[in-house]
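Using the sequences and the hints, build the whole thing.
Which chain is which? The protein sequence lines are A and B, in order. Under full-length UniProt numbering, the first sequence has 390 at position 390, and the numbering climbs by one with no breaks. Under full-length UniProt numbering, the second sequence has 23 at position 23, and the numbering climbs by one with no breaks.
Just so you know, the hints here were simulated from the structure itself, not pulled from any lab data. The structure displayed is predicted, hence computed values, not measured ones. There could be a bad hint or two in this list.
Which copy is meant is left open, because identical chains are indistinguishable; a pair holds if it fits in one copy or across any two.
Claimed, not checked - Straight line, CA to CA, 25 angstroms or less: simulated SDA-like cross-link-like pairs of lysine to any residue:
(1) Lys5 with Glu160
(2) Lys380 with Met73
(3) Lys239 with Gly54
(4) Lys74 with Lys329
(5) Lys239 with Glu201
(6) Lys239 with Glu41
(7) Lys380 with Met237
There are 2 protein chains.
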Amino acid sequence: MISMKQEAASFVTELLGELGAIGAETGGGVTRLLYSPEWLEAQKFLARRMKGLGFEVRYDRVGNLYGRLPGTMKNGPVILTGSHIDTVRCGGRYDGAYGIAAAIAALSYLNETYGQPTYSLEVVSFCEEEGSRFPLTYWGSGNAVGLYDWDGAAEVRDAEKTSLKEAMEAAGFGKPEQPEALRSDLAAYIELHIEQGPILERMHKRIGIVEAIVGQRRYGITVRGEANHAGTTPMPMRKDALAGASEMIIQLEAEAIQWGEPLVATVGRIEAAPNTPNVVPETVQFTVDIRHHDERVLDSFSGHIINKFKEIARWRGLELSTVCWLEAKPAPMHKDLSDRLEKISGDLSLPYRRMVSGAGHDAQLFPGVCPTAMLFVPSKGGISHSPDEYTAPDELADGVSVLAALLYELAYEEKLP
Amino acid sequence: MISMKQEAASFVTELLGELGAIGAETGGGVTRLLYSPEWLEAQKFLARRMKGLGFEVRYDRVGNLYGRLPGTMKNGPVILTGSHIDTVRCGGRYDGAYGIAAAIAALSYLNETYGQPTYSLEVVSFCEEEGSRFPLTYWGSGNAVGLYDWDGAAEVRDAEKTSLKEAMEAAGFGKPEQPEALRSDLAAYIELHIEQGPILERMHKRIGIVEAIVGQRRYGITVRGEANHAGTTPMPMRKDALAGASEMIIQLEAEAIQWGEPLVATVGRIEAAPNTPNVVPETVQFTVDIRHHDERVLDSFSGHIINKFKEIARWRGLELSTVCWLEAKPAPMHKDLSDRLEKISGDLSLPYRRMVSGAGHDAQLFPGVCPTAMLFVPSKGGISHSPDEYTAPDELADGVSVLAALLYELAYEEKLP
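As structure tokens, this is what we get:
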């Protein structure tokens with residue numbers, strides 16, 4: 001397996017270079033929004049490449065692109081691997097694209113080396129994951145697993161008021177004669193992705209084996225006090241919404257640290273009103289993003305922190321209102337598949353770490369449908385969603401090696417989980 | 001003196017009602033920006049009223065309006081009292097206007113009751129104090145005391161790019177033949193104003209005797225950390241600019257409370273970047289406004305708090321930059337005049353409080369020119385710069401009584417400080 005590393009490194013690097021040129025911004029970064037011309041060009045490019053490698057290529061009705069290496073067992077289970085082709089605005093070349101390029105590399109290598117598999121292997125280039133054009137995420141994988149009813153697509157609109165349905169049809173999809181997106185033939189879904197975080201790099205690990213993708217709570221918090229003259233209002237007579245919010249933010253951070261890894265809690269957005277240097281702030285709104293892979297921890301931490309906020313507000317004579325506007329369940333990966341990834345990494349002498357994914361991925365939609373696994377390669381500086389996203393060619397090849405080995409077990413050795 | 005109270009209450013209330021109709025906004029509030037048509041109408045209205053009361057009326061070159069009750073001593077010292085006629089946008093009817101109306105009421109009462117004074121008494125309606133149209137404050141009193149060189153007025157522009165000079169000329173001022181604004185004949189300046197704060201009301205006092213107008217430091221603070229993914233960056237690996245700023249804000253509040261009244265410190269404005277719920281904030285900018293009447297305290301508190309901020313930044317691995325962009329010296333009022341105001345309040349059985357003004361006033365420009373005193377009447381709910389600004393008629397009359405008594409001592413009894 002190690003003999004393929006150099007070849008995989010150059011194959012993936014080259015493919016990512018070609019893909020990264022599609023939707024490249026003049027100021028750096030790549031933008032391929034769902035159903036845009038750049039997006040369509042990228043899918044067509046991948047279709048041509050996979051056809052050239054001998055894969056059977058097809059689109060489904062929402063524009064997910066599949067490349068199939070058919071198994072000897074007709075109508076047998078399918079082993080699916082891949083990621084998403086869309087990007088954030090001015091994103092990097094690796095997020096999503098790497099999982100597709102690596103999957104193509106792995107299938108191509110397996111096909112050349114071992115011929116036809118028993119179970120069919122498929123690469124998927126999901127049409128959408130990021131939610132950068134329309135206010136929804138996982139449009140590709142969500143259709144594959146039956147999360148979305150695509151008839152609702154006429155309602156969802158982008159910033160230019162184009163509906164998802166109109167955009168889909170303009171790109172040539174959404175036709176009744178096209179194959180349905182829903183899959184019911186999957187025996188496993190394996191996704192390879194860049195980490196988008198600093199852990200592997202800092203711990204000098206080459207492979208991250210994802211045990212779970214975190215669940216998430218997102219709150220909107222509003223703290224209301226009294227706007228007062230900053231010169232004439234003595235400190236004890238103030239109801240300062242920003243001082244109250246600051247105390248809450250510090251408390252949130254302290255509690256998150258105390259509860260320990262892998263819990264993370266973030267206040268990313270804050271707005272004060274009237275937001276004038278010489279007026280004591282009347283209202284502060286801020287967001288709280290809490291993530292953990294265990295729903296019970298999510299529940300109890302969220303409840304605990306909201307109570308702390310209430311105490312602070314009461315003590316300071318402030319009004320508090322909290323709205324939970326996002327609640328995503330944690331997605332545990334398949335234990336047997338994770339164990340196999342661990343063994344493979346060990347066999348290939350690749351330092352690995354079992355870890356939790358703090359970011360969302362297409363893989364989190366599959367545990368209810370089929371055994372699912374996810375693996376990471378390091379992200380330089382933990383940077384993602386930026387033109388500075390980078391993973392070195394040999395690290396890219398590590399991921400391909402581990403992925404190919406697992407796909408071999410599943411599709412050739414018929415060791416289904 | 002108490003016999004005049006009812007008359008003063010109705011005189012001042014009526015005058016404030018008429019003034020408040022000039023520049024009244026349909027949605028409530030009064031807007032009279034420097035040199036605007038409403039501003040000019042208000043000055044002309046006051047000129048007519050004062051002429052009708054027998055005062056000698058004149059404008060100076062920048063549009064300050066004076067009404068004079070000439071003393072028997074020709075070319076003798078002048079006792080000046082008044083405030084400013086301009087308002088903030090959608091301001092109240094009392095801020096500034098009350099000090100002028102009360103001065104007219106007091107002079108009119110003294111003239112009717114005691115005839116001509118020995119020293120001349122003058123009411124001033126300063127053209128500008130708020131800084132609401134042009135980015136400068138105290139334009140009226142600043143010209144009277146020689147703070148401003150009005151030739152620079154061509155450079156300062158309002159939001160519509162009109163220069164101060166153009167606006168002044170359009171309103172009929174700025175002509176060489178008009179009297180110079182600078183005064184060199186003043187024996188005292190006395191200003192009566194609403195408190196614009198909650199202290200008198202909460203302490204059930206009728207008169208505030210201002211011992212000093214606070215000095216002020218205003219800082220712009222920038223905290224710089226690292227933008228990171230809110231899901232994939234473990235808590236200990238973060239450099240969260242907002243958590244750092246929050247700790248600074250809490251520290252500032254705690255220290256200000258600990259240093260004690262009358263020190264006040266306020267963070268009124270905050271901006272975070274990128275200000276996105278799922279990204280750890282990279283940069284936070286906030287303002288710090290610190291006020292105290294003793295420059296040494298201002299100095300040492302400011303130095304202390306900036307050091308605390310530096311410690312917090314260092315501890316958290318954040319970059320800190322601080323810019324002091326406003327530094328106003330405290331203005332102590334004249335002790336003898338304050339003592340006299342105290343005695344007068346006692347004689348009139350008006351509960352009073354010696355206090356510090358946390359807001360800036362025209363009076364703060366006069367201590368270098370002549371003995372200066374300032375007194376307050378209560379503001380309902382401490383509210384100011386708002387259509388809800390309110391002081392009851394009998395409280396307005398209290399101020400007139402105390403002011404008239406002091407002016408009597410100064411101009412009739414010739415007891416100069």
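Structure-based check of each hint:
no.: 1; hint: Lys5 with Glu160; result: neither (45 angstroms within a copy, 66 angstroms between copies)
no.: 2; hint: Lys380 with Met73; result: neither (41 angstroms within a copy, 85 angstroms between copies)
no.: 3; hint: Lys239 with Gly54; result: neither (70 angstroms within a copy, 48 angstroms between copies)
no.: 4; hint: Lys74 with Lys329; result: neither (36 angstroms within a copy, 88 angstroms between copies)
no.: 5; hint: Lys239 with Glu201; result: between (45 angstroms within a copy, 17 angstroms between copies)
no.: 6; hint: Lys239 with Glu41; result: neither (56 angstroms within a copy, 39 angstroms between copies)
no.: 7; hint: Lys380 with Met237; result: between (50 angstroms within a copy, 14 angstroms between copies)
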